[in-house]
Each structure stands twice: as structure tokens, then as C-alpha cells.
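Colleague: In case you want the letters, here they are:
2 protein chains.
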Amino acid sequence: MALCARLDELDYRTYVLLGDGECSEGSVWEAASLAGLNQLNNLIALVDVNRLGQSEPAPLGHNLDAFKDRFEAFGWRTEEIDGHDIDEILEVLAAVGLGKQPLVILAKTLKGAGISFIQDQEGWHGRALSKEEAARAIAELQPTAKSGVGHAIPSPTQLPPPKNDVGPYPPVNYKLGDMVATREAFGNALLRIGGADQRIVALDGDTKNSTYSEKFLKKFPARFTECYIAEQNMVGVATGFATRGKVPFASTFATFFTRAFDQIRVAGISQSNLKLVGSHVGVSIGEDGPSQMGLEDLAMMRTVAGSTVLYPSDAVSTEKLIDEMAAHKGICFLRTSRPKTAVLYKNDEPFPIGGAKVLRQADGDKVTVVAAGVTLNEALKAADSLKNEGIGITVIDAYSVKPLAKDIIRAAAQKTNNVILTVEDHYAEGGIGDAVAGELSADGIRVHKLAVYELPRSGKPQELLAKYGIDAQAIVNKVKSLR
Amino acid sequence: MALCARLDELDYRTYVLLGDGECSEGSVWEAASLAGLNQLNNLIALVDVNRLGQSEPAPLGHNLDAFKDRFEAFGWRTEEIDGHDIDEILEVLAAVGLGKQPLVILAKTLKGAGISFIQDQEGWHGRALSKEEAARAIAELQPTAKSGVGHAIPSPTQLPPPKNDVGPYPPVNYKLGDMVATREAFGNALLRIGGADQRIVALDGDTKNSTYSEKFLKKFPARFTECYIAEQNMVGVATGFATRGKVPFASTFATFFTRAFDQIRVAGISQSNLKLVGSHVGVSIGEDGPSQMGLEDLAMMRTVAGSTVLYPSDAVSTEKLIDEMAAHKGICFLRTSRPKTAVLYKNDEPFPIGGAKVLRQADGDKVTVVAAGVTLNEALKAADSLKNEGIGITVIDAYSVKPLAKDIIRAAAQKTNNVILTVEDHYAEGGIGDAVAGELSADGIRVHKLAVYELPRSGKPQELLAKYGIDAQAIVNKVKSLR
Numbered sequence: 098m099a100l101c102a103r104l105d106e107l108d109y110r111t112y113v114l115l116g117d118g119e120c121s122e123g124s125v126w127e128a129a130s131l132a133g134l135n136q137l138n139n140l141i142a143l144v145d146v147n148r149l150g151q152s153e154p155a156p157l158g159h160n161l162d163a164f165k166d167r168f169e170a171f172g173w174r175t176e177e178i179d180g181h182d183i184d185e186i187l188e189v190l191a192a193v194g195l196g197k198q199p200l201v202i203l204a205k206t207l208k209g210a211g212i213s214f215i216q217d218q219e220g221w222h223g224r225a226l227s228k229e230e231a232a233r234a235i236a237e238l239q240p241t242a243k244s245g246v247g248h249a250i251p252s253p254t255q256l257p258p259p260k261n262d263v264g265p266y267p268p269v270n271y272k273l274g275d276m277v278a279t280r281e282a283f284g285n286a287l288l289r290i291g292g293a294d295q296r297i298v299a300l301d302g303d304t305k306n307s308t309y310s311e312k313f314l315k316k317f318p319a320r321f322t323e324c325y326i327a328e329q330n331m332v333g334v335a336t337g338f339a340t341r342g343k344v345p346f347a348s349t350f351a352t353f354f355t356r357a358f359d360q361i362r363v364a365g366i367s368q369s370n371l372k373l374v375g376s377h378v379g380v381s382i383g384e385d386g387p388s389q390m391g392l393e394d395l396a397m398m399r400t401v402a403g404s405t406v407l408y409p410s411d412a413v414s415t416e417k418l419i420d421e422m423a424a425h426k427g428i429c430f431l432r433t434s435r436p437k438t439a440v441l442y443k444n445d446e447p448f449p450i451g452g453a454k455v456l457r458q459a460d461g462d463k464v465t466v467v468a469a470g471v472t473l474n475e476a477l478k479a480a481d482s483l484k485n486e487g488i489g490i491t492v493i494d495a496y497s498v499k500p501l502a503k504d505i506i507r508a509a510a511q512k513t514n515n516v517i518l519t520v521e522d523h524y525a526e527g528g529i530g531d532a533v534a535g536e537l538s539a540d541g542i543r544v545h546k547l548a549v550y551e552l553p554r555s556g557k558p559q560e561l562l563a564k565y566g567i568d569a570q571a572i573v574n575k576v577k578s579l580r
Numbered sequence: 098m099a100l101c102a103r104l105d106e107l108d109y110r111t112y113v114l115l116g117d118g119e120c121s122e123g124s125v126w127e128a129a130s131l132a133g134l135n136q137l138n139n140l141i142a143l144v145d146v147n148r149l150g151q152s153e154p155a156p157l158g159h160n161l162d163a164f165k166d167r168f169e170a171f172g173w174r175t176e177e178i179d180g181h182d183i184d185e186i187l188e189v190l191a192a193v194g195l196g197k198q199p200l201v202i203l204a205k206t207l208k209g210a211g212i213s214f215i216q217d218q219e220g221w222h223g224r225a226l227s228k229e230e231a232a233r234a235i236a237e238l239q240p241t242a243k244s245g246v247g248h249a250i251p252s253p254t255q256l257p258p259p260k261n262d263v264g265p266y267p268p269v270n271y272k273l274g275d276m277v278a279t280r281e282a283f284g285n286a287l288l289r290i291g292g293a294d295q296r297i298v299a300l301d302g303d304t305k306n307s308t309y310s311e312k313f314l315k316k317f318p319a320r321f322t323e324c325y326i327a328e329q330n331m332v333g334v335a336t337g338f339a340t341r342g343k344v345p346f347a348s349t350f351a352t353f354f355t356r357a358f359d360q361i362r363v364a365g366i367s368q369s370n371l372k373l374v375g376s377h378v379g380v381s382i383g384e385d386g387p388s389q390m391g392l393e394d395l396a397m398m399r400t401v402a403g404s405t406v407l408y409p410s411d412a413v414s415t416e417k418l419i420d421e422m423a424a425h426k427g428i429c430f431l432r433t434s435r436p437k438t439a440v441l442y443k444n445d446e447p448f449p450i451g452g453a454k455v456l457r458q459a460d461g462d463k464v465t466v467v468a469a470g471v472t473l474n475e476a477l478k479a480a481d482s483l484k485n486e487g488i489g490i491t492v493i494d495a496y497s498v499k500p501l502a503k504d505i506i507r508a509a510a511q512k513t514n515n516v517i518l519t520v521e522d523h524y525a526e527g528g529i530g531d532a533v534a535g536e537l538s539a540d541g542i543r544v545h546k547l548a549v550y551e552l553p554r555s556g557k558p559q560e561l562l563a564k565y566g567i568d569a570q571a572i573v574n575k576v577k578s579l580r
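As they're listed, the protein sequences go chains A and B. This note's numbering puts the first residue of the first sequence at 98, with every later residue one more than the last. This note's numbering puts the first residue of the second sequence at 98, with every later residue one more than the last.
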């Protein structure tokens, strides 16, 4: 939010309330570091140093100097105050904005201050008072309670509106059959719509040359935030931009978003308008090995409250889905692939959220194959190969994993003897197979799954697709094995 | 690992290699903080400060003083060296163990040092050299290459074995019908087996009075590590203990493990022997609201490579499953509930990983209800209620969510017209319903799901189970609605 004030040239200030125990979280230091580097003198943190955690004293106790040293090392100006003294708080706040550093106010407090049987004592975290205890506490607090008179809080200044203009988006422009990685199409999409849609900002975690978000940076540097290798804070910063009406696209390798699952989950609870794009999914990334492979991202993102999960297979659908994400309110995740894949769709093909495309279908098809991303391309190859043997299969591009186009998929399955085969470059748990089975098994559809069932190793992309049983040949074999 | 050396009274040292870009990650500062607090002078970190990230220069460049200030503020001793000077590295390492602080060696280096066209330049991260470039690079490096003679690395001392004795576990002891929360049974289990199994250590993130791991702390304080509110590092520390042959039980609220998803994922890749116990799952925690409710943990933990996911419904099964976890090699997750639930099983009932219990079954049952945790108790209530109306249901305790007891569940379903109803206190995506549908829909089983389908709010536990459609009445209604 403080970065957004800079972008919109607005003079509001952003306040952050922190607990002392909470300062053990690394995400606090990710944020502190980026704020220091960006010299955000419009950002004020207030740490309630009350000495007590939930289950025992917090690690630094009332040692305000330890907090001071840490924040100063991360580029902040510090002020130590008595957190119970309103005059002191106001005096410090009056000096906000001085210098080039963010300000942290270290407020020494006592938990339960002024109540003799609670003050500075353990065992009261998250515990409600009995009626008698409450009466006693109020009686103790009443005589020392300070009047609010003379402490009027000034109203916020009416701010001019932020720069959030939106015009019509330029059209998508590819040729059928062109080889373009969906991750590069994501970069192209941001570049294409960035001029028309002033709400769009981009963020990356030092992977912008791999995710292709650098295309946006080069054209719109003021609207790009390099968050360095700190994904928790990247999602936090993106959520901040969203609260100011921006449409933040945060990108990194899909699997690195696992670092920020809690931030994403809480953004879900806050119904934030967050857009996440994760690249390098599945074994098809090849040589870099399992630590870099997104094989859990669909499971993670599907289970976020109110999320939309998208998985395009070609450049056109990627660009169209980025447009959809920008228009849709709520958390959206789009997973992109590393290898180049052929453009399958015409430039005017629509890709609504919740849709699916039936790419192959004929009377007498044996099974409906549901795939997305690289496995959709494998499914199309399998369809060609099986056709030569006289076996027909229906092939569906399930680009919208959540919400799933269950009506389209169910209708297709009903024409293939109620049998579906899902194929995905993701672990077997929580991905496309589970989504389809979870939605359609109640209708009597039989769902067979091909997915990555073991910890993969490094190798060439096509070798790995074969080894883990999700390539065209594996699809051919599985289709033939079905009765 | 450094903490484990203390515990086992061994004098080995633990070395950590860090990149400068990586130091943007908050998890580094979580670890730095705990190491400083514990005065781990047997821990040495070496930061390769080469100035360059993947996509642009790292945020602190060659500013070694900035790293020095940060590590010193977190309680570390620092040494700045020329990272290309082996003699200087050895000199600094000779002084390891002095003082009471962990040591960080800040090594100034140049990426691609000694190769004129690469040294200190951007654009070479993760890029392979062409044959010609490689030949040129070797030719440039050869003349300045230093001999290894005189730099013999001393062999590690042969260490006495760590203290990892295991004796027989004492028996479990509850009475049928007693009301005990599964989270408390977890604490009881650690306490019961902690004396017999010296491998067991426990860790918590300042929630030990809620997860009940404090029972272990009180009896075995030397084997408990308070990690404070820093879940990423807690999982990292637990993984370190596991590498030394310990069986680390790390506990916090289930949903707070989302903070550490990346650490858990990477522990999965490392095939670590990690044991995680997450409490306060689902809407049944009640008033604390959605930020504290574990509603995504089954999806997250199922998708971890090689994981085991357990979800007990009563105190006996909880204790037996903790025994199973301690005996099983690999990552295990057990989710516990906040409310007290009745003891359902006798003390000698076995609970093997991969099993399930058929609790109600009769000829003519209409549907097989698969549940676990609080919803199993709701399913039993529903069975009683439906019985009064002449409708029989089979009820299965699916305490092993992964691996799922698919043979037991399939066999039961086949006796109820191939119809299953799953009921779970978890979001609809990636949990028990998806697991059962994903495993059994291929066999022609129809799986209907009851789960939490919207962002929940705060309320009384039983009110929330009703509002989100996973209580006994919802089960009764759903069973009646099935044709």
C-alpha cells in the first residue's frame, strides 16, 4: 500500500500493527527489508512489545534495544516509547514522514495493563474473563482511565482518485501452429494490456527473466516491483496493491508460491483481488529437477477459499485468460509451462472462466480424455495415433480447473460410456483428476487418472513425461487397457 | 542439527551455505533468530556474497556491512573475508566455536571469477556455456588455478552414536465414552512414549498450550524446542533433528503449517522422517474464525511426495496413530480437533497406516458414509437417527486419508449399491471427498460429498457444523435425498 501511494503520487500513510511475538515470523523481515530498500518514509510500523506470547514469554522480552538493532539493520528509523502514553504516541506520529526511512515505533506495554491480577502475567492469552473477573477488572481500570478529550484524531484528507483508468484491450495476435511457451504468452499478455489498463501492476521474486514478467518491467518500469527472493512478502505487497484498486499480477515459479501459502490463504479470507501466475510446472520443466517443479500448485490453489484456477495449453488461451483474470474480482491463479507448445486456437476464440473446449469428438469415441497444458498436447497426439488404429477418443481442454466446466465434461463423458481419463503434469492428489472425479463421480462417471505418482528426477522433458506415464504413449496404452 | 548436537552432547559442527539473494527469504531470519537466542556456537553459516541474483543484482550488492549489521542484530558473530582466498577461509574456520554466538562468514566473491567474459556480469545465471565458451573459460582459468596441495581437509572425528534408544511403548489407557479432544490425546501420546523412545523430540511454535505438546515439554524439557512464531524454521529445525536419527514431532495449528508448505515440500523431496501434528482443524474450532481454521491442510499434505496423512476421531486412535507415525519412516501428518469427542475404540484396537474401520454395517444399508474426526461422530449420530426411520447406513472411519484404505471402502460401497457419501470438516477441494472419488470412481463407485463449500465465519462449533452442512442433520438429509 505504501508502494502504491508512491505510484499514485498520493500522500497517505500506511500503518502496520505488529505483535512482538509475531516478529519471529520471517515474513516480517522480508517486508522490513523491501521497505528499507525502497526508502518508504510513508510507512509506519508499531510493535506492541508486551513481553508475553501465547504459551510463554516472547523471545526478546522487553528488550526494545534488540528490536531497535534489528529494524535499524534493515534500514528503518526507530523510536522507543511507552505504549500506554497517548501523548508520547501522538508526539512520535507527528514526526512521521521525516527522512528517507520507514519508521518503526517500539511501544513498551504491559499485557492487561492496569488490572492487578492480569497485568504482565502469563496464562491470559485468548482467555475470556468470568463475569466476576470482568467486574473486578473494570472496577480497577475505571479510576485511572484517561479522558479522550483533547485527543481528537484528525480526519483523513480526501484524496484524489488513484490512477486506475481502463480502456479497451488490444487484440491477441498469433498464428495457428506457432510454437510459443505459455509462460512467454503471459509476458506478452501483460505487455499487451498494460497500456490500456492502468490498474495493472506486476511483481516478481527475482525470476522475471524466466516467468517473462520482465516484458512488463521494460515497458512499464514504474508499475513493476522487484520483490527479490521473498515470496511471502511478494504476495503481501500484491495484496496491498489490490486494496488500492490495482490489479496486481505476481509471478514466480509455481512451486515457489508454496512459500506464500499462508499469505494466499489469508488473502482468500480477505477476498482480495490477487492475480498469481506460476511458471515451470510439472516434470516437463526437465533438467532442473523436483525442487523446481510445480507439482502441488493445483492442489494448493484449488483449496483456497473463492479461488479461480486456470491452466492454459497454448499462447492464445493464455492471453485470453489473463484478460479474464484482470476482469474477474477475486484470487486467480494461472499456471504456465516451460516448453514451447503449438498455438491451438484462433485469436478470436473466447475463454470464459468456468469453460472447457471440446477439441476432438466423434460418434463412437471410447473415452473422454480431459487434460490441460502439456498433457493436452500429448492427448492430441494420442488421439491421432489411436485414430490410425480405429479407436476414437474425445479430447477436452480443461483450461478452467476451478470452477470446472462440469456440464461440458459430463455431457462429453455421457457420449463415451460414462468413462473419463484425466491426464495431468501434477501429483495425483488434489489436481485435475481429483477435481473431475470429485465433481462427476456422483453422476456415475468413472474417472481414471494419469498423473505423477512418484517423486520425479531430473531428465529431458519428453523423457520425464514418458517415465512418469503422462505422455501420448501412456495415454494410448491406458485407453487401450480400458474395457 | 546444531541443536541436536547439544542434545546428544556431540561436538560436531553444522555448516550452512547461503546465497546473498537467498538472504531476502524470511526463513533465513527465522533461523538466524533462533540460533542467536540459543547461542549455537557450533553453527557456522557462510554467505556467498557474489552481488548477482538470477534476474538482476541482489538487493544488498557487495555491501558486506549491511549483512554484518543484520546478522549481528540477530545475535551472530560475523567475519568478512575474500571468498576466493582459501587461506583466509581456513583461518576463519580455525576459530569456529569461540564465544557463545553462531558465526556467519560473509564471503565477498565474484560470480564466474577468473573468466573474463562472465566475471561479475549479469545474464549468466543458470545458463550453460557453449563448447567454444567452455574451452575459452578453461583456458583462462588454468594458469591461475591454485593447487590443493597443503590444503588437506581433516577427516571428521568418529562420533559416538547419538542417544536414540527405543524400548517398548507403554499401553494406551482410556475408557469407552470418555470425552477427550484428539489434540489432548496427542499430548498424552507424546508423554506416554517419550520415556521409552529416546529418539522423540518435540517442537512447537508458541501454541504448546493449545496443541498440548506442553505435556512433553514438562516431562522432557531437554528434548523440546520452542521455535516461537516461526513455522518455516520450526519445520527446518525438525528436519535437522530427523537427519540425526531423531523422530521430531512438530506441532502447531494445522492451518499455520501453510506457512511452511515449501519447507514441507522440500522435506518430502529429501524423504525426511518428519512428523507434523496440526490442531484446530475445521469450522468445529468455533469462535476463533476462519484465519485459525485448518480447512486446507488435507489438500496440502496429501499432495506432498511420499506423505502419510492421518485424521483420528477419538483419543485411542490418536494415540495409536502417533505410535504408528513414530515407527513409520517418512513424512507423516496427523490432524487433531479442538472439541472433546467420545472414546470410540478399545485400548487394544490396532490402527495400521492405510487402514479404516467399519463402525456400522448391516444388510440393506442404503449408502456408505465415509468420515473422520468430528464428522465421524456426526455420522454415527446420523446413523442412529436414520435407523429410527428404518434407513440403514454403513459408517466408515477413514482415519488414514493417505494412503486410503480403498479396498475396505470399495468393499463396503459395493454392498450399498456402489454409493458413498463423504463428510469432512475441510474445504471441498483436495480433502477426503476428492481422495475417495479420485481413488474409487474408476471402479464405478458414485461419491457424493459433504464439505465446507464457502468461506466460514465465527460461531459456536455445533452451529457452524450445521451452517456449513456437515453435521448429523445434514447427513440425514443428504442420505434421504439420494435415490
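Treat the hints with care, since some could be wrong.
Intra- or inter-copy, both count: the list cannot distinguish identical chains.
[Said to hold, decoys possible] The calculated lysine-lysine pairs, modelled on BS3-like cross-linking and capped at a C-alpha distance of 27 Å, are:
hint, residue 1, residue 2
1, LYS208, LYS443
2, LYS564, LYS503
3, LYS426, LYS577
4, LYS478, LYS260
5, LYS426, LYS478
6, LYS315, LYS208
7, LYS165, LYS197
8, LYS228, LYS426
9, LYS577, LYS503
10, LYS557, LYS503
11, LYS443, LYS577
12, LYS197, LYS478
13, LYS316, LYS557
14, LYS454, LYS272
15, LYS512, LYS316
16, LYS484, LYS205
Note that these hints are calculated values from the structure, not bench results. Computed from a predicted structure; not experimentally measured.
Colleague: Hints first: check each against the structure and report whether it holds.
Modeller: Verification of the supplied hints:
For the identical chains of this complex, LYS208 and LYS443 are neighbours neither inside a copy (64 Å) nor across copies (45 Å), given an alpha-carbon limit of 27 Å. For the homomeric pair LYS564 and LYS503, the shortest alpha-carbon distance between copies (26 Å) is at most 27 Å, but the shortest distance inside one copy (30 Å) is not. Neither within a single protomer nor between protomers do LYS426 and LYS577 lie at most 27 Å apart by alpha-carbon distance, with minima of 43 Å and 37 Å respectively. Taking the shortest Cα distances, LYS478 and LYS260 never come within 27 Å of each other, neither inside one copy (47 Å) nor across copies (57 Å).
Proximity of LYS426 and LYS478 under a CA criterion of 27 Å is satisfied in neither setting, with 36 Å inside one chain copy and 40 Å between copies. For the homomeric pair LYS315 and LYS208, the shortest alpha-carbon distance between copies (25 Å) is at most 27 Å, but the shortest distance inside one copy (50 Å) is not. For the homomeric pair LYS165 and LYS197, the shortest alpha-carbon distances inside one copy (17 Å) and between copies (22 Å) are both at most 27 Å. Taking the closest pair of Cα atoms, LYS228 and LYS426 never come within 27 Å of each other, the shortest separation being 44 Å inside a single copy and 50 Å across copies.
In this assembly of identical chains, the alpha carbons of LYS577 and LYS503 lie at most 27 Å apart whether taken from the same copy (25 Å) or from different copies (24 Å). For the homomeric pair LYS557 and LYS503, neither the shortest alpha-carbon distance inside one copy (34 Å) nor that between copies (34 Å) is at most 27 Å. In this assembly of identical chains, LYS443 and LYS577 lie within 27 Å of each other by CA distance neither inside one copy nor across copies; the values are 32 Å within and 48 Å between. In the homo-oligomer, the alpha carbons of LYS197 and LYS478 never lie at most 27 Å apart, since the shortest distance is 59 Å inside one protomer and 63 Å across protomers.
In the homo-oligomer, the alpha carbons of LYS316 and LYS557 never lie at most 27 Å apart, since the shortest distance is 34 Å inside one protomer and 52 Å across protomers. In the homo-oligomer, the alpha carbons of LYS454 and LYS272 lie at most 27 Å apart inside one protomer (19 Å), although the nearest pairing across protomers, at 57 Å, exceeds that limit. For the homomeric pair LYS512 and LYS316, neither the shortest alpha-carbon distance inside one copy (49 Å) nor that between copies (64 Å) is at most 27 Å. For a Cα distance limit of 27 Å, the shortest separation of LYS484 from LYS205 qualifies neither inside one copy, at 75 Å, nor across copies, at 61 Å.
Checked against the numbered hints above, the structure breaks hints 1, 3, 4, 5, 8, 10, 11, 12, 13, 15, 16 and satisfies the rest.
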